[in-house]
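Go ahead and model the full structure; you've got the sequences and the hints to work with.
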Amino acid sequence: MPSARALRPEFVREQVQEHDFNVVNKPLGAWERIRDNAVARRLFILAVLACIWQGYASYLDNSLVLPTFSETMRTFLSRIANGELVLKSWVSIKVLLQGYMIGLVLALVLTILAMASRLGNDLLETLTAMLNPLPAIALLPLALIWLGLGDPSIIFVLVHAVMWPIALNTHSGFMGVSGTMRMVGRNYGLSGVRFVGKILIPAAFPSILSGLKIGWAFAWRTLIAAELVFGTSSGSGGLGWFIYENKNLLDIPAVFSGLFTVIIIGLLIENFVFRIIEQRTIRKWGMHS
Amino acid sequence: MEQAGTDEQPLLRVEGVTLQYKTREHLVTATYRVDFEVFPSDRFVLLGPSGCGKSTLLKAVGGYLNPVEGRIVLKGATVTKPGPDRVMVFQEFDQLLPWKTVKQNVMFALEASGRLSGPEAADRAMAYIEKVKLTRFADNYPHMLSGGMKQRVAIARGMAMEPDILLMDEPFAALDALTRRKMQDELLQLWEDTHFTVLFVTHSIPEAIRIGNRILLLSPHPGQVKAELNSDGTDPEDPDTNERLSERIHRMLFAEINSIEEPPIHA
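Respectively, the protein sequence lines represent chains Y and L.
Each residue of the first sequence is one higher than the one before, counting from 1 in my numbering.
Each residue of the second sequence is one higher than the one before, counting from 1 in my numbering.
Calculated directly from the structure, the hints in this document are not laboratory data.
Keep in mind that the hints are not guaranteed to be accurate.
[To be verified] Mimicking DSS-like on lysine-lysine, the simulated pairs with C-alpha atoms at most 25 Å apart in a straight line are: (1) Lys94(Y) - Lys247(Y); (2) Lys131(L) - Lys182(L); (3) Lys100(L) - Lys284(Y); (4) Lys100(L) - Lys75(L); (5) Lys100(L) - Lys213(Y); (6) Lys198(Y) - Lys284(Y); (7) Lys133(L) - Lys182(L); (8) Lys198(Y) - Lys22(L); (9) Lys213(Y) - Lys284(Y); (10) Lys213(Y) - Lys198(Y); (11) Lys284(Y) - Lys22(L); (12) Lys81(L) - Lys22(L); (13) Lys81(L) - Lys198(Y); (14) Lys213(Y) - Lys94(Y); (15) Lys100(L) - Lys133(L).
[What the hints assert, rightly or not] Non-contacting residues of chain Y with respect to chain L, defined by C-beta distances greater than 12 Å in every case (computed): (16) Leu43; (17) Ile263; (18) Ile282.
Using N, Cα and C, we set each Cβ at its ideal position, and we do this for glycine too.
Structure representation (structure tokens):
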């Protein structure tokens, strides 16, 4: 006996045309958009934190321990207006960039050496295993003996802070480049430096970028710490020195504005420089994980 | 030595090639003394079950692996390293460089190999992108494309090089069945246009019959030549044995395995 299933009629339908749909592209409301905006949400969190700070500091009413948010902002703005904070930040950033660049180049050389030979690979792995866990600031006393009081010592410490995380990440990025992509590169006749430049570096860019970010964070912390430890380096100190100096003067609102500047610069670099690099590279290429 | 009825020389000669590779614990023999010849405009298919070394053989023709015995000769010259005269199309989607657009991917191949540069490379790239019907997507990045489109870009990139021989390593294996079928048709269409020479690796018997005009059957562990057959793209019935080509191939590839595992059922 044929089952009821087989008796069902067949049918073919015409497709509904696009203009017959009711909703194709409906704009979202303003409130919905604000709630979907990560920047807006974070600004909200910052505003709440500032309110808590202001409230607690007003309650304490002791600007030697905790100045209010408004007082800190006033000091911050006046120190920026008279150019002091701008100058100190610039001194810090200049030293930082020198250390960062040298560290980056050394890391790349070391990584390319590691890719070129097995011995280079062992060298990189041994060195990073030994030196990466060593806090850069711990080398500062030695650096002072070797290089004297001044920028070279700080740069030495910064190079150490930057080099190992970047080398480690770049190396693991290179190792992770798929066999297929390597074969594609070799198929079109790429080898040596051209192979590294045209295949390995872009293919490993997500890892390299995260190495650059970690390196930046390490360098920034190390720099401020180094400036705090031995104060002025070459006549005009940086941000760390600004904090240290104002603590000695018991100008606590200025200490807070120094810390505030450190945070602001960190946020700016993270959210603008690195974010933009990320958007123009790995996000555009669909390589972020 | 000339083929009967033609004065063409083989384009590619594989002569007694034994291939071995090392794993962590073993030295594996992938193929043992494999011979075959590919003539210009051949659609030559290497067909066999997994473990027959067909992909390894293709990589050796690509120059990524040197034979321990025998040699591979392309246009009279022994193959020793990879080169742009033999372009590989892989199964994996990550053969496209994700940081380049479709057009840049094709141009990259032309420029890196020194074939063409600048506007000439761009023109050639666009011509081949049009052949695979992706002109609209020329400025898209690979991650925005479907699997089938990615493989079409890879094929366009390979063909734009106008290599002596195109080496395809199961290029449609990662696609869904409908897309795979469409891609096979498109590849044949492209072949109708330019009559390029292609060496195609697959483990699918229907695909081998559709794509190939000549099919080399390899038996596994290690890969050895089992037979070399002609195909006209259909699956004809042999009047003598009443057996279809696909059945014949299937029997040849799996007969031994079956006879070991289970006794034949029919008398």
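Hint-by-hint comparison with the structure:
1. Lys94(Y) - Lys247(Y): holds, 24 Å
2. Lys131(L) - Lys182(L): Since the Cα atoms of lysine 131(L) and lysine 182(L) sit roughly 15 Å apart, the hinted pair holds (cutoff 25 Å).
3. Lys100(L) - Lys284(Y): holds, 10 Å
4. Lys100(L) - Lys75(L): Violated - the C-alpha atoms of lysine 75(L) and lysine 100(L) are around 33 Å apart, more than 25 Å.
5. Lys100(L) - Lys213(Y): holds, 24 Å
6. Lys198(Y) - Lys284(Y): Distance ~18 Å between lysine 198(Y) and lysine 284(Y) Cα, so the pair holds.
7. Lys133(L) - Lys182(L): Measuring from Cα to Cα gives roughly 13 Å; hence the hint holds.
8. Lys198(Y) - Lys22(L): violated, 29 Å
9. Lys213(Y) - Lys284(Y): holds, 19 Å
10. Lys213(Y) - Lys198(Y): holds, 22 Å
11. Lys284(Y) - Lys22(L): Status violated; Cα separation ~39 Å.
12. Lys81(L) - Lys22(L): Since the Cα atoms of lysine 81(L) and lysine 22(L) sit roughly 19 Å apart, the hinted pair holds (cutoff 25 Å).
13. Lys81(L) - Lys198(Y): holds, 19 Å
14. Lys213(Y) - Lys94(Y): Measuring from Cα to Cα gives roughly 18 Å; hence the hint holds.
15. Lys100(L) - Lys133(L): It holds: about 19 Å lies between the C-alpha atoms, which stays within 25 Å.
16. Leu43: holds, 31 Å
17. Ile263: Answer for isoleucine 263(Y): holds, closest chain L Cβ roughly 33 Å.
18. Ile282: violated, 8 Å
Consistency note: the structure conflicts with the earlier hints numbered 4, 8, 11, 18.
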